[in-house]
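Student: Following the hints, complete the assembly by docking chains R, H and V onto the known chain C.
Number of protein chains: 4
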Amino acid sequence: MLARVQASFDRQGMMTTLGVAVTAVERGKVWMSLGHDERFTQQHGFLHAGAVASVLDTACGYAAFSVMPPEAAVLTATYTVNLLAPAAGERFTITGEVVRAGRTLVVCRGEAFTDADTRPFAVMQATMTAVYGKAGISG
Amino acid sequence: MLARVQASFDRQGMMTTLGVAVTAVERGKVWMSLGHDERFTQQHGFLHAGAVASVLDTACGYAAFSVMPPEAAVLTATYTVNLLAPAAGERFTITGEVVRAGRTLVVCRGEAFTDADTRPFAVMQATMTAVYGKAGISG
Amino acid sequence: MLARVQASFDRQGMMTTLGVAVTAVERGKVWMSLGHDERFTQQHGFLHAGAVASVLDTACGYAAFSVMPPEAAVLTATYTVNLLAPAAGERFTITGEVVRAGRTLVVCRGEAFTDADTRPFAVMQATMTAVYGKAGISG
Amino acid sequence: MLARVQASFDRQGMMTTLGVAVTAVERGKVWMSLGHDERFTQQHGFLHAGAVASVLDTACGYAAFSVMPPEAAVLTATYTVNLLAPAAGERFTITGEVVRAGRTLVVCRGEAFTDADTRPFAVMQATMTAVYGKAGISG
Chain C
775 MLARVQASFD RQGMMTTLGV AVTAVERGKV WMSLGHDERF TQQHGFLHAG AVASVLDTAC
835 GYAAFSVMPP EAAVLTATYT VNLLAPAAGE RFTITGEVVR AGRTLVVCRG EAFTDADTRP
895 FAVMQATMTA VYGKAGISG
Chain R
775 MLARVQASFD RQGMMTTLGV AVTAVERGKV WMSLGHDERF TQQHGFLHAG AVASVLDTAC
835 GYAAFSVMPP EAAVLTATYT VNLLAPAAGE RFTITGEVVR AGRTLVVCRG EAFTDADTRP
895 FAVMQATMTA VYGKAGISG
Chain H
775 MLARVQASFD RQGMMTTLGV AVTAVERGKV WMSLGHDERF TQQHGFLHAG AVASVLDTAC
835 GYAAFSVMPP EAAVLTATYT VNLLAPAAGE RFTITGEVVR AGRTLVVCRG EAFTDADTRP
895 FAVMQATMTA VYGKAGISG
Chain V
775 MLARVQASFD RQGMMTTLGV AVTAVERGKV WMSLGHDERF TQQHGFLHAG AVASVLDTAC
835 GYAAFSVMPP EAAVLTATYT VNLLAPAAGE RFTITGEVVR AGRTLVVCRG EAFTDADTRP
895 FAVMQATMTA VYGKAGISG
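Chains as they are written, first to last, in the working numbering: chain C, 775 to 913; chain R, 775 to 913; chain H, 775 to 913; chain V, 775 to 913.
Please keep in mind that the hints were generated in silico from the structure rather than gathered at the bench.
You can't tell identical chains apart in this list, so a pair holds if it fits in one copy or across any two.
Subject to a maximum C-alpha distance of 25 Å in a straight line, what follows is the list of computed SDA-like cross-link-like pairs (lysine to any residue):
no., residue 1, residue 2
1, K803, A859
2, K908, G787
3, K908, L849
4, K803, R778
5, K803, G793
6, K908, E864
7, K908, M775
8, K803, G863
9, K908, L776
10, K908, H818
11, K908, T878
12, K803, M775
13, K908, D811
14, K803, R874
15, K803, Y906
16, K908, A859
17, K908, E845
18, K908, D889
19, K803, H818
20, K803, Q780
21, K803, R865
22, K908, T888
23, K803, V841
24, K803, P844
25, K908, G876
26, K803, F887
27, K908, A875
28, K803, D784
29, K803, R877
With the rest of the complex left out, here is chain C (with noise of 0.2 Å):
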């Protein structure tokens, strides 16, 4: 399953730009690290919400393709985000996990830490589609 879900996450040009890692994998749970950068600010300097969200969204995307067949794509129908401090640290942990999961529709909680904090700084509920036999979508 680790090996499913890197495979597609090393063919995502955003996640390599944005220097994110995989760290776990569990069934229904994935784990990523990212750290601040520079190039992906926002107008305080503090990493961009944008950035984090992208990462919450993916690591709610793999939570999501870790418990569906092995023929399903995913793809994301829609997630809310809320940003409850600025990203302020050099590190940050950010956890996607399923909250329950049927054929077609799979809904996550993702969540985001610094990491001097035990409260998250950004959380995540997400809609997850699951694709199946669409030409040149896979993973």
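Tutor: Positioned in the frame of chain C, the structure of chains R, H and V alone reads:
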């Protein structure tokens, strides 16, 4: 107002890195433009939803900023994005528009378009916060 | 189409109990009407956001239903509602409109208005699912 | 704190009409209970998502209220609800819990359970606002 938006925008490393341009600003509405970029793709080769959502979020943020008092800074509290189709195209137009503004919270809608389609391929509903008198936070 | 929407609507105990009426249906757009009711207030005496959200959800659901194939049933997957002002008034107009429809997912927007204001006091972004061939689920 | 929550709750016509009970309150977490009711069904005979969302919203609101200063009133700014399965059952437990609280915005999560399943059938991510010194708004 355009100058205020542009000045804040120019301090966002992420917008520069994504190659985003502010194409127009009215009171309560902002237009932005970005192009396809191999560095920001997802696993199927399309522009990553995270990149699209980042620009939608930014367009909504500046739409909100454009109706706030001059002393306010803008932060994103939360947004919901729906991804209706892949970001398939070379060039994308992203808009953000104020739905209704209070003193503290401003609610906006964003839409993302490819050149080839009048229907949006992504839509956002965002809640922005005006921040007053917080040291180090402006724009 | 109006008949199909009305027939399904009439089976919703909650819409009857809330006193909601379908006032118009077009392909992709639905208008509903409800009045202030002491039985459905929140702690400050205004109509409860939950009542408003229920009608917004229903209007979005039928807007989606109106563009689905006849054999499909409609279920709400997820929605985000922003409450922009209290539901202060005697009579409210609620609209639901399709933004973009796929075979399985249909994304809609809803707006709620009082008689006294052209700006919405609540807005919704909703994701509806078409369900095919599920026993006991129609309309 | 329970008394403060209960006093505000008792002023909500809608909660009385829905037959909702506050079953427990801790600092930052609230439990509520409601039963199936023919008056509040959707077109397939299950409890309407709008009724479930109203109680989730209320549980999140009081969870937020329980961590706010005594002079604050609580209003819902926005929430996202995912409906994971029909509300099929006779009795439902609804929880609301604070994720993180600022002075103005408090972000909460809500979950809805039937008696027969440990997995939630609906989940909410909600943004509550503390209102200070607004005439006629308390609790």
